[in-house]
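Spelled out from the first residue to the last, the chains are:
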Amino acid sequence: MNIEEYISSGIVEAYVLGLATESEVREIRQMMEQYPELRAAVQEQEEVLVKYAQQNAIAPPPGLKQTIWEALNGEKAIDEAQPTIIEPAFHAPRQQAPAKRNYALAASLALLIVSAAANMWLLNSNHNMNNRIAGLNLQQRAIIKEKNEALAAAENSAAALRVMSLPKLLKIDLAGVGPHSSQSAMLYWDKSSGDIFLDLNTMPQAPAGKQYQLWAIIDGKPVDAGIYDLSGARAMIKMKTIARAEMFAVTIEKAGGSPAPTLDQMVVAGKPG
Amino acid sequence: MNTPIFHSETELVALLKGKDDKAFNYLYDNYSAALYGVIFKVLDKEDLAGDVLQEVFVKIWRGMEQYDPAKGRLYTWMLNIARNAAIDLLRSRSFQKDQKTTDIEQNANLQENHNTPGANTDTIGLKKSVMNLKQEFRVLIDMAYFQGYTQEEISKTLGIPLGTVKTRMRNAILELKSVFK
Chain B
1 MNIEEYISSG IVEAYVLGLA TESEVREIRQ MMEQYPELRA AVQEQEEVLV KYAQQNAIAP
61 PPGLKQTIWE ALNGEKAIDE AQPTIIEPAF HAPRQQAPAK RNYALAASLA LLIVSAAANM
121 WLLNSNHNMN NRIAGLNLQQ RAIIKEKNEA LAAAENSAAA LRVMSLPKLL KIDLAGVGPH
181 SSQSAMLYWD KSSGDIFLDL NTMPQAPAGK QYQLWAIIDG KPVDAGIYDL SGARAMIKMK
241 TIARAEMFAV TIEKAGGSPA PTLDQMVVAG KPG
Chain L
1001 MNTPIFHSET ELVALLKGKD DKAFNYLYDN YSAALYGVIF KVLDKEDLAG DVLQEVFVKI
1061 WRGMEQYDPA KGRLYTWMLN IARNAAIDLL RSRSFQKDQK TTDIEQNANL QENHNTPGAN
1121 TDTIGLKKSV MNLKQEFRVL IDMAYFQGYT QEEISKTLGI PLGTVKTRMR NAILELKSVF
1181 K
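Protein chains in written order, with my numbering: chain B, 1 to 273; chain L, 1001 to 1181.
Accuracy of the hints is not assured; some may be wrong.
The calculated lysine to aspartate or glutamate pairs, modelled on EDC-like cross-linking and capped at a C-alpha distance of 20 Å, are [what the hints assert, rightly or not]: (1) Lys1019(L) / Glu5(B); (2) Lys1019(L) / Glu80(B); (3) Lys1019(L) / Glu22(B); (4) Lys76(B) / Asp1021(L); (5) Lys51(B) / Glu75(B); (6) Lys1017(L) / Asp1051(L); (7) Lys1019(L) / Glu46(B); (8) Lys1071(L) / Glu70(B); (9) Lys240(B) / Asp195(B); (10) Lys65(B) / Glu1136(L); (11) Lys210(B) / Asp229(B); (12) Lys1017(L) / Glu75(B); (13) Lys65(B) / Asp1068(L); (14) Lys1177(L) / Asp219(B); (15) Lys1177(L) / Glu1152(L); (16) Lys1071(L) / Asp219(B); (17) Lys191(B) / Asp219(B); (18) Lys171(B) / Glu1136(L); (19) Lys1022(L) / Glu27(B); (20) Lys1022(L) / Glu246(B); (21) Lys1045(L) / Glu1009(L); (22) Lys210(B) / Asp195(B); (23) Lys1071(L) / Asp224(B); (24) Lys1017(L) / Asp229(B); (25) Lys65(B) / Glu46(B); (26) Lys221(B) / Asp264(B); (27) Lys1019(L) / Asp1088(L); (28) Lys1166(L) / Glu5(B); (29) Lys1022(L) / Glu1065(L); (30) Lys254(B) / Asp264(B); (31) Lys238(B) / Glu1136(L); (32) Lys1071(L) / Glu1152(L); (33) Lys1017(L) / Glu246(B).
Which stretches of chain L does chain B cover? Using the computed rule of at least three CB atoms under 8 Å from a CB of chain B, they are [claimed, not checked]: (34) 1021-1035; (35) 1076-1084.
Just so you know, these hints were derived from the structure itself, not from any lab.
Each residue gets a CB set at the ideal place from its N, CA and C atoms; glycine is no exception.
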């Protein structure tokens, strides 16, 4: 297969525009795994499409955001209510539910779904805009629900990152140390890229003139993994990239950080795996 | 209130898969206009564009777990969802085949700013760069992307061989690229 010819054949354009046939899509995805030049060509065409879309962007009417927000909250209610929507009527959820959602809404939606079951179809066209609720993709949701059940732990709040579906993203709990034993933090580590995301959301602001600094312990030695700036309302900040480490720790250092950790200023720490 | 800043698409995708509120907020604030623009252009009118945009965000929410970054960028994925949803609606209104053909014939003979049904989009803010595209390319992108014609359908409607459609499509996109430089 001459990859140059393939790239010039127009299939990349068709793929990016969503115009390729199913077999073409399968083929190009297989090829993308083998040929980095093809991946690069796809990326290049995607940039073109993005620019085209941005050029033609039209701001939606302002009230629409709220309407859409409410629709997404409705989705959340469905997600957090009983696990199986297929079963008719309403029975107690199998897992201990977060219990903060509106069961009346979930129940009435479940009944509506069941009563409209005859009209439901998988993904494609013929979707009736007026019955958008009735148009829920039952089977797809059932599959997603099963997958969620298989993966889910009893996790907490909406701000927590649910990364179960990303097998390479490691979550490390950093527990409070010494006088800071009530503190905690979370670190997310993408082992394939080395990217680290740190969430110190529940921790207090660092004292004036000081900042939190992350350290990775590599071969027994502490290595600077970045400064955490808590001044913005950020949930999670990307730190430095670290390929491997035995342990992570956060200390309080002077603003701007320091080359070596002040060990008696360690706040939280944790080990991967 | 501070809007969170995402350092990379990886981070954004991770949070979206976790159904994080801030991430979805960010998505709407930064991407809804591009999506709305595509929907608008497909439907050629505003009245149902809002409904479609809502449907698109719901689809993004539901589909986010299965979105695979290895297959393409988030933006591309969302644009395709928006386009497909709008085209579904367009087709479900049973646009007459000859209605489409009329539009296309008129498009093919189109003068800039010609006042025909299919040309409404010219008056609602199509940017210059697209207007500068050669006629045949613009028609092709319009038919394929915004009206949902398959390449076979284009080949039949315009009476040109399928191979020519493919080549022309590629050239249309190359042309688009050069216009953006």
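Going through the hints against the structure:
1. Restraint check for Lys1019(L) and Glu5(B): not satisfied, since their Cα atoms lie roughly 41 Å apart, outside the 20 Å limit.
2. For the hint pairing Lys1019(L) with Glu80(B), the CA-to-CA distance comes to about 12 Å; that is within 20 Å, so the pair holds.
3. Note on Lys1019(L) and Glu22(B): the hinted pairing is violated, with a Cα-Cα distance of about 29 Å set against a maximum of 20 Å.
4. A distance of roughly 10 Å separates the Cα atoms of Lys76(B) and Asp1021(L); the hinted pair therefore holds under the 20 Å criterion.
5. Between Lys51(B) and Glu75(B) the alpha-carbon distance is near 31 Å, which puts this suggested pair outside the 20 Å criterion.
6. Note on Lys1017(L) and Asp1051(L): the hinted pairing is violated, with a Cα-Cα distance of about 24 Å set against a maximum of 20 Å.
7. Proposed proximity of Lys1019(L) and Glu46(B) is contradicted: the alpha carbons are some 25 Å apart, above 20 Å.
8. Between the alpha carbons of Lys1071(L) and Glu70(B) the distance comes to roughly 30 Å, so the proposed pair goes past 20 Å and is violated.
9. For the hint pairing Lys240(B) with Asp195(B), the CA-to-CA distance comes to about 7 Å; that is within 20 Å, so the pair holds.
10. With a CA separation close to 37 Å, the supplied pair Lys65(B) and Glu1136(L) exceeds the 20 Å bound.
11. As the CA atoms of Lys210(B) and Asp229(B) are separated by approximately 10 Å, the hinted pair is consistent with the 20 Å bound.
12. For the proposed pair Lys1017(L) and Glu75(B), the alpha carbon gap of about 14 Å is at most 20 Å, so the pair holds.
13. As the CA atoms of Lys65(B) and Asp1068(L) are separated by approximately 26 Å, the hinted pair breaks the 20 Å bound.
14. A threshold of 20 Å between alpha carbons decides the hint, and for Lys1177(L) with Asp219(B) the separation of about 49 Å lies outside it, so the pair is violated.
15. Between Lys1177(L) and Glu1152(L), the direct Cα distance comes to roughly 24 Å. Violation of the 20 Å bound is thereby established for this hinted pair.
16. For a cut-off of 20 Å, the pair hint linking Lys1071(L) to Asp219(B) is broken: about 37 Å separates their Cα positions.
17. With a C-alpha separation of about 17 Å, the suggested pairing of Lys191(B) with Asp219(B) holds against the 20 Å cut-off.
18. Proposed proximity of Lys171(B) and Glu1136(L) is contradicted: the alpha carbons are some 53 Å apart, above 20 Å.
19. Between Lys1022(L) and Glu27(B) the CA atoms are separated by roughly 36 Å; this puts the pair beyond 20 Å, and the hint is violated.
20. Taking the CA atoms of Lys1022(L) and Glu246(B), the gap is about 32 Å. The hint is violated against a cut of 20 Å.
21. The hinted pair formed by Lys1045(L) and Glu1009(L) fails the criterion: a straight-line CA distance of about 32 Å is larger than 20 Å.
22. Restraint check for Lys210(B) and Asp195(B): not satisfied, since their Cα atoms lie roughly 24 Å apart, outside the 20 Å limit.
23. A threshold of 20 Å between alpha carbons decides the hint, and for Lys1071(L) with Asp224(B) the separation of about 34 Å lies outside it, so the pair is violated.
24. Note on Lys1017(L) and Asp229(B): the hinted pairing is violated, with a Cα-Cα distance of about 25 Å set against a maximum of 20 Å.
25. Of the supplied pair hints, the one linking Lys65(B) and Glu46(B) is violated, its CA atoms being roughly 26 Å apart against a limit of 20 Å.
26. Taking the CA atoms of Lys221(B) and Asp264(B), the gap is about 16 Å. The hint holds against a cut of 20 Å.
27. Of the pairs offered as hints, the one joining Lys1019(L) and Asp1088(L) is violated, with about 26 Å between alpha carbons and a cut-off of 20 Å exceeded.
28. Note on Lys1166(L) and Glu5(B): the hinted pairing holds, with a Cα-Cα distance of about 14 Å set against a maximum of 20 Å.
29. Using a Cα cut-off of 20 Å, the hinted pair Lys1022(L) and Glu1065(L) holds, with the two alpha carbons roughly 17 Å apart.
30. Restraint check for Lys254(B) and Asp264(B): the C-alpha separation of about 13 Å stays at or below 20 Å, so the hint holds.
31. Proposed proximity of Lys238(B) and Glu1136(L) is contradicted: the alpha carbons are some 46 Å apart, above 20 Å.
32. With a C-alpha separation of about 25 Å, the suggested pair Lys1071(L) and Glu1152(L) falls outside the 20 Å cut-off, and the hint is violated.
33. Between Lys1017(L) and Glu246(B) the CA atoms are separated by roughly 28 Å; this puts the pair beyond 20 Å, and the hint is violated.
34. Counting residues of the region 1021-1035 of chain L whose beta-carbon sits less than 8 Å from any beta-carbon of chain B gives 8, enough to reach three: the coverage restraint holds.
35. By the rule of at least three residues with a Cβ nearer than 8 Å to a Cβ of chain B, the coverage given for the region 1076-1084 of chain L holds, with 5 such residues.
Hints 1, 3, 5, 6, 7, 8, 10, 13, 14, 15, 16, 18, 19, 20, 21, 22, 23, 24, 25, 27, 31, 32, 33, counting from the list given before, are not met by this structure.
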